[in-house]
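Trainee: Listed below, chain by chain, are the residues.
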Amino acid sequence: DAGITQSPRHKVTETGTPVTLRCHQTENHRYMYWYRQDPGHGLRLIHYSYGVKDTDKGEVSDGYSVSRSKTEDFLLTLESATSSQTSVYFCAISESGRAGGEAFFGQGTRLTVV
Amino acid sequence: KNEVEQSPQNLTAQEGEFITINCSYSVGISALHWLQQHPGGGIVSLFMLSSGKKKHGRLIATINIQEKHSSLHITASHPRDSAVYICAAPYSGGGADGLTFGKGTHLIIQP
Chain C
1 DAGITQSPRH
11 KVTETGTPVT
21 LRCHQTENHR
31 YMYWYRQDPG
41 HGLRLIHYSY
51 GVKDTDKGEV
61 SDGYSVSRSK
71 TEDFLLTLES
81 ATSSQTSVYF
91 CAISESGRAG
101 GEAFFGQGTR
111 LTVV
Chain Y
1 KNEVEQSPQN
11 LTAQEGEFIT
21 INCSYSVGIS
31 ALHWLQQHPG
41 GGIVSLFMLS
51 SGKKKHGRLI
61 ATINIQEKHS
71 SLHITASHPR
81 DSAVYICAAP
91 YSGGGADGLT
101 FGKGTHLIIQ
111 P
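As you go down the protein sequences, you meet chains C and Y in turn. Using our numbering, the first residue of the first sequence is number 1, and each one after it goes up by one. Using our numbering, the first residue of the second sequence is number 1, and each one after it goes up by one.
Any given hint could turn out to be false.
Each computed EDC-like pair below joins lysine to aspartate or glutamate, with the alpha-carbon atoms no more than 20 Å apart [unchecked claim]:
{"no.": "1", "chain 1": "Y", "residue 1": "LYS68", "chain 2": "Y", "residue 2": "ASP81"}
{"no.": "2", "chain 1": "Y", "residue 1": "LYS103", "chain 2": "C", "residue 2": "GLU79"}
{"no.": "3", "chain 1": "Y", "residue 1": "LYS1", "chain 2": "C", "residue 2": "GLU27"}
{"no.": "4", "chain 1": "Y", "residue 1": "LYS54", "chain 2": "C", "residue 2": "GLU102"}
{"no.": "5", "chain 1": "Y", "residue 1": "LYS1", "chain 2": "Y", "residue 2": "GLU15"}
{"no.": "6", "chain 1": "Y", "residue 1": "LYS1", "chain 2": "C", "residue 2": "GLU59"}
{"no.": "7", "chain 1": "C", "residue 1": "LYS53", "chain 2": "C", "residue 2": "GLU79"}
{"no.": "8", "chain 1": "C", "residue 1": "LYS57", "chain 2": "C", "residue 2": "GLU79"}
{"no.": "9", "chain 1": "C", "residue 1": "LYS70", "chain 2": "C", "residue 2": "GLU95"}
{"no.": "10", "chain 1": "C", "residue 1": "LYS57", "chain 2": "Y", "residue 2": "GLU3"}
{"no.": "11", "chain 1": "C", "residue 1": "LYS53", "chain 2": "C", "residue 2": "GLU27"}
{"no.": "12", "chain 1": "Y", "residue 1": "LYS103", "chain 2": "C", "residue 2": "GLU27"}
{"no.": "13", "chain 1": "Y", "residue 1": "LYS55", "chain 2": "C", "residue 2": "GLU27"}
{"no.": "14", "chain 1": "Y", "residue 1": "LYS53", "chain 2": "C", "residue 2": "GLU102"}
{"no.": "15", "chain 1": "Y", "residue 1": "LYS1", "chain 2": "C", "residue 2": "ASP56"}
{"no.": "16", "chain 1": "Y", "residue 1": "LYS1", "chain 2": "C", "residue 2": "ASP38"}
Source of the hints: derived by calculation from the structure; they are not laboratory data.
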């Protein structure tokens, strides 16, 4: 199994509070991604990174920010959580961009905003 | 954005049956991904293919680049194959990287 760890695995938070989710990899892959999974929508891209300090927006980036200060860590921050951000969040890594490399996924973080 | 459509959305079959899940996409791609998600969450990559056919155990994936269509087949299905199967294609939207996903096929194999 690819070495990819998400933390926390579960979190309940209140509306308006900041939340940070962490993705840690031991594979030294260049590309890292954050997706959210919702019923009826499937998985959707939030943000991605193509190297240290290199990040870009995905399809559903509003309300989220990311940072990547080290190759192994990719952080997703909800600056002020809203109930619409209740979701399951998945981190993924890949050696190649443009979906040209196999994608490895973390176990997911279930976030509930109350 | 690449639009990815899967069918069927739900499929219930008896153990031993041959299973086919279909995926079509709207924009030409370099590779298509098939993923498996079991209840409780984790997502596992099954195949990444850019042409022809790949086989892994009882799973077979095929792709027709010209028709923008891929299929996932399961031979001699077993209850442990029960899962959600998801196809994914390159995002292809405004230069963004990453994958865009079908909504998944929820497969139940009954003993």
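Trainee: Each hint needs a verdict: does it hold in this structure or not?
Mentor: Hints versus structure:
no.	hint	verdict
1	LYS68(Y) <-> ASP81(Y)	violated (26 Å)
2	LYS103(Y) <-> GLU79(C)	violated (28 Å)
3	LYS1(Y) <-> GLU27(C)	violated (29 Å)
4	LYS54(Y) <-> GLU102(C)	holds (14 Å)
5	LYS1(Y) <-> GLU15(Y)	violated (37 Å)
6	LYS1(Y) <-> GLU59(C)	holds (9 Å)
7	LYS53(C) <-> GLU79(C)	holds (19 Å)
8	LYS57(C) <-> GLU79(C)	holds (16 Å)
9	LYS70(C) <-> GLU95(C)	holds (16 Å)
10	LYS57(C) <-> GLU3(Y)	holds (18 Å)
11	LYS53(C) <-> GLU27(C)	holds (18 Å)
12	LYS103(Y) <-> GLU27(C)	violated (28 Å)
13	LYS55(Y) <-> GLU27(C)	violated (26 Å)
14	LYS53(Y) <-> GLU102(C)	holds (16 Å)
15	LYS1(Y) <-> ASP56(C)	holds (16 Å)
16	LYS1(Y) <-> ASP38(C)	holds (19 Å)
Of the numbered hints listed earlier, those contradicted by the structure are 1, 2, 3, 5, 12 and 13.
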